[in-house]
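Protein chains in written order, with this note's numbering: chain A, 3 to 384; chain B, 3 to 384; chain C, 3 to 384; chain D, 3 to 384.
Hint data in this document are derived by calculation from the structure and do not stem from the laboratory.
Please read these numbers as outputs of a predicted model, since none were measured by experiment.
Because identical chains cannot be distinguished in the list, a pair is counted as satisfied if it fits within a single copy or across any two copies.
Calculated pairs, DSSO-like style, for lysine-lysine (alpha carbon to alpha carbon, straight line, at most 30 Å):
1. K292 x K329
2. K229 x K254
3. K327 x K171
4. K229 x K329
5. K172 x K329
6. K230 x K327
7. K229 x K327
8. K230 x K254
Number of protein chains: 4
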Amino acid sequence: MKTLTEKYMETRQRTEHLCEALQVEDYTPQSAVFTSPPKWHIAHTTWFFEEMILKKHLPNYTVFDADFGFLFNSYYNSIGERIERHNRGLLTRPKLERVYDFRAHVDKAMIRLLESSPNEDINSLTILGINHEQQHQELLLTDIKYTLSKNPLYPKLYDSNFVSHYNSKKGWLNIDEGIYRIGHDNHSFSFDNELGVHRVFLESFEISQALVTCGEFMEFMADGGYKKAEYWLDEGWFWIQENHITQPLYWKQEDGKWFQYTLSGLEPIDKSTILTHISFYEASAYAQWKGLRLPTEFEWEVASNQLDWGTHWEWTNSAYLPYPKFKTAVGAVGEYNGKFMINQMVLRGASSATAPDHSRHTYRNFFHPQSQWQFSGIRLAK
Amino acid sequence: MKTLTEKYMETRQRTEHLCEALQVEDYTPQSAVFTSPPKWHIAHTTWFFEEMILKKHLPNYTVFDADFGFLFNSYYNSIGERIERHNRGLLTRPKLERVYDFRAHVDKAMIRLLESSPNEDINSLTILGINHEQQHQELLLTDIKYTLSKNPLYPKLYDSNFVSHYNSKKGWLNIDEGIYRIGHDNHSFSFDNELGVHRVFLESFEISQALVTCGEFMEFMADGGYKKAEYWLDEGWFWIQENHITQPLYWKQEDGKWFQYTLSGLEPIDKSTILTHISFYEASAYAQWKGLRLPTEFEWEVASNQLDWGTHWEWTNSAYLPYPKFKTAVGAVGEYNGKFMINQMVLRGASSATAPDHSRHTYRNFFHPQSQWQFSGIRLAK
Amino acid sequence: MKTLTEKYMETRQRTEHLCEALQVEDYTPQSAVFTSPPKWHIAHTTWFFEEMILKKHLPNYTVFDADFGFLFNSYYNSIGERIERHNRGLLTRPKLERVYDFRAHVDKAMIRLLESSPNEDINSLTILGINHEQQHQELLLTDIKYTLSKNPLYPKLYDSNFVSHYNSKKGWLNIDEGIYRIGHDNHSFSFDNELGVHRVFLESFEISQALVTCGEFMEFMADGGYKKAEYWLDEGWFWIQENHITQPLYWKQEDGKWFQYTLSGLEPIDKSTILTHISFYEASAYAQWKGLRLPTEFEWEVASNQLDWGTHWEWTNSAYLPYPKFKTAVGAVGEYNGKFMINQMVLRGASSATAPDHSRHTYRNFFHPQSQWQFSGIRLAK
Amino acid sequence: MKTLTEKYMETRQRTEHLCEALQVEDYTPQSAVFTSPPKWHIAHTTWFFEEMILKKHLPNYTVFDADFGFLFNSYYNSIGERIERHNRGLLTRPKLERVYDFRAHVDKAMIRLLESSPNEDINSLTILGINHEQQHQELLLTDIKYTLSKNPLYPKLYDSNFVSHYNSKKGWLNIDEGIYRIGHDNHSFSFDNELGVHRVFLESFEISQALVTCGEFMEFMADGGYKKAEYWLDEGWFWIQENHITQPLYWKQEDGKWFQYTLSGLEPIDKSTILTHISFYEASAYAQWKGLRLPTEFEWEVASNQLDWGTHWEWTNSAYLPYPKFKTAVGAVGEYNGKFMINQMVLRGASSATAPDHSRHTYRNFFHPQSQWQFSGIRLAK
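So here's chain A without its partners, still in its complex pose (with noise of 0.2 Å):
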């Protein structure tokens, strides 16, 4: 079994990894206030183990720029002012090797802190920095796709284009009424979010073993799906009209063929890969066309074990709000999670471009229901 130590150096060599199709340019800019540019990911993640671990407990650590606190901090309220979150863009300073150099400073010091037997509290903390660090490796790539994409050349970054998937199982699963054990049990890694094992009963239902296709979605087109506002929710209907949004996010039609903008480039969409990028209003107004609903994310947890997943994060009709016991933790890791428990719907799962070893069937994702840029797909139930 492989040591902290291990784990944490795994961790940081993969972000790095991740980084080397790019180039020096794409490091800064920020194409929208929901994503952020990859300089800042590093950096950022960084930052965390230097603010919340380091800082504290590593004895003699020095500081390595006390400006980049400022800089790379993102919503910890508590910890002090933070540049505004559209402006993250801006920051051509500190140059990409100064970030590369912070990133060195602290694994040297995270290192010799792990190697000196740590106590509980930094352990924690260090399996909580690693797995923030994984959240932000997904993040970092759709938030550079989303950049990639709004250039018209269509850079390729990857040989994989993160979407060629396809289902393999058909039909629908059915699942008795009963209570049942829902949320994370503790003895291992989760977020507070999970936490709290609790019963919630739950009617028979069926979900779908397979998840909607590119070819499945588009019959949903061809019948006026995006033109119909019967199918939508009312807020998702003002925002496709106010967006003039007709297809899915980096679709593009040309000569009658439909093409779409993927890590490797612009490609031609196999109508029989699993559909993604998706928004919850655009999966909402698929289910209701279908005259089907999207499962409740009880629903998925009672079923996942029996369920294929982990190549698209899956829309859940349950917005995201706090177990019955949910406790907020002290301090800045308190702002983790719970303060974001409004306006936002879960989604469960994961996808290709999820960390190794970062998934697990407690897992509860949310985003706002507009959000299309993560690789997001859609289960039915009924």
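Got chain A sorted already, so can you dock chains B, C and D onto it with the hints?
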């Protein structure tokens, strides 16, 4: 027991009774995108009877004015074009008198229909129309309050201020864990969003017998409640920053004393009265400050028969989502509820502005988390 | 010759005469940030006499209502707080009757003052107040037209449509180069922005005897005028894109025929009538399409005694800027003109909505280049 | 005297010389809709030569990359689609190196063309291209300053701060009334907006020999200049309220001392240096506070040969409008100036950031009245 005709007339007359305090000038302007003018309320509720019932079910019914469909449709996409929501306040014509003529025309026809031994369909649509109008009676009060509050003259509309309510009970009520039945059994009228009795498992919990008072909320304010990010949901914090919110809606400090605008004019705040006009964001922040939480709508429903409720809508920590077997009705009536099931929070109970006979413990009211203009209050749980 | 008292009363009565066609409901709502409700116009013009004259110059004058200063001040920062411009339409109170009482109260006092052999200061402030009210008479007409135009019923207010005007002259007028005197000589009333006769050198130019007709503008439209960037100022092009403008304000095509909303209802467009409700951006684009240009305000003033003018305000290509010796008057009256001398273009002439005796060839009207709701037209030059 | 080829190369090299202080990371991000990234500047100026000259005039010229037309066109609508202005900062690709290759490719071709005894058309387009690039050299400096100013690290780019300038003269210069010739005689290069020598009559006036200093402006601030509406144009007052502006751009107070961000980092403000980065609104308010005014562009041009100018662009009180015989050039080049003649004010002179050999007393620079990021200053008149 009252006949349906009697109930119909009673509701229609109550609307007009509420309007007696209005001057002609008060009927037209719209003070916010989320409010509607009185003229629009009294015409729209009338249009509902004409459009949903009379046009289809009363032979030889003559539409009062073909233009009114366009003018007074609210959000029924399936019925055709409608005036933009934020332009409702520009309908200076038809003049008020003509809208009252419209009411009389429709009332005459409705009574003719109702006295002709109508079928079940007509009866249930009429009951829906009555309940619809009752909802608009409450909105009429909250909307006109919002409009008049923008007037530096602080106009008085009624003798009652609608806000002087006191708690009759104190302390905590304990509820055991268990499976509970939630929802309306459909043996009498309900809205579709309450339908489908289903089981919910609840962990044991405690719920406050009293609602939060103005005086208690002043303590929160005195402790810097509006200035400390730690108590707020992230979007709530953003909302108070953006809108410079430092106190409840309608509150105003003069020479160190607190006043509030009410429907009977500007009045000093009695600390022991129940707090009202509070947004979900403020309710959530207050609970966080107290180290407590808001109940879920299921907890509320289960506890409701042991609670005093009815003077204030009570924010729950439940998002407005469909019940397990929720089905959208066919046609325009189906747009009543389902399409709003996103980004809103459930309020339970009723308020002093709610129409008589319009309350039940399964009722699900819903508003966006920033909504302040309803007579909403805070009940805590733990 | 009329006495000042007669002139005062004539103006005051004309305002009320214009309002006779209004229903109570029409007086309150505000349809855009740049328009004001009729009730506000009739109160604000009255407030001007009270604030600028009566309070200072009539001994023992009793202010009608101390709140009205706050409610009906427009943009005089030096006089104190005022209601936000976009909230003028929410003043359902004071009721209309009371505003008319305010008018009567002020009229009575003004007449008493004017009949007491007032000093020069009072006389000239009264003349200013009369001219101020005449300006608001025109705005009252253009603002109510804008409000009613939002009503799908196309209400008719007057028998006259205010738009059926024909050119009486054709061809080009030649003006020689030379030094010309521009501005008002101050021997009679003028606004401060016209004052200061000064010399301007003009190169020789030609100016059209006729204004552009609706038919001529239809040719521009038929030639793709609204679709070709080359004719438009950059910000004009952005404006029509952003606002989806493809035709003049109030125009509407039905079954291939053009109609326009007028103060006497929706009417078919007579191609030979003079085009109106045109923005500077559209005027400029039309001139560019014709290979011609708009005159400067100096050219217009010099040519004016040989032109037929008075039915339409005529856009010039002059920005609204101070004349060489422009001096801001001391106090609130000084806020009348000077502080608006940025980002606006000068219109010369007068329109069919202009009050009688309110026109002169030195008059400088001014609006933002996107303004369409005045009775504005196009005269070309080369 | 320099050959055209020499001038061409000198300009091209100066651009690259200015960029030597930049790090790769600095080249891409865009800090505001009105600024452009360095990479865009250096590519766009190159594209100008390719698009306007090489494609038409150099036989067998090979376009470097067909995509670059789309990427680096600025506002030439007639040339086809272009990337949205606010998305210029997302062009992480092409990478910087490739943009420099583009420059080299075009330079090689331009030199080949210029050494082949080109015709007059090519020569004048080349001179236009040189001047165009010189304009972008200044924008490159002001834009990168704006971007770096958003960085809490206050990066230093150059040894010169570009802002330490002192007045060499004091007092007032008197100019007599008379007819003056204005505009460029076309015997050497000028932009089309300067062309057409024409006569202007000026009343006598006085103009300050010195520009306003930082210390003088501090007096305005100390006297509540930013807090008193009476000094401000109405839209200027709105602008400072809306944007919470209480001091010049780049100024920052620490412990009672004033500092400003400069291209050589954060520096204390020397009161006797000339004020810069001032908007027209602030310039106008300062003049009003002083009881003086800004000169017109005609007054400035007439006085210019007796003034010291060239360190700061000087706001005039003239709107940017066409000269009497202004003609738009045919084709894309015609979009250079004319279409911006609305809502902008003229600045005269030049600044320390202006390219050498790019200044003349007929030069008409123009910006919106709220623009602060140019090296602009205040000269008073009376």
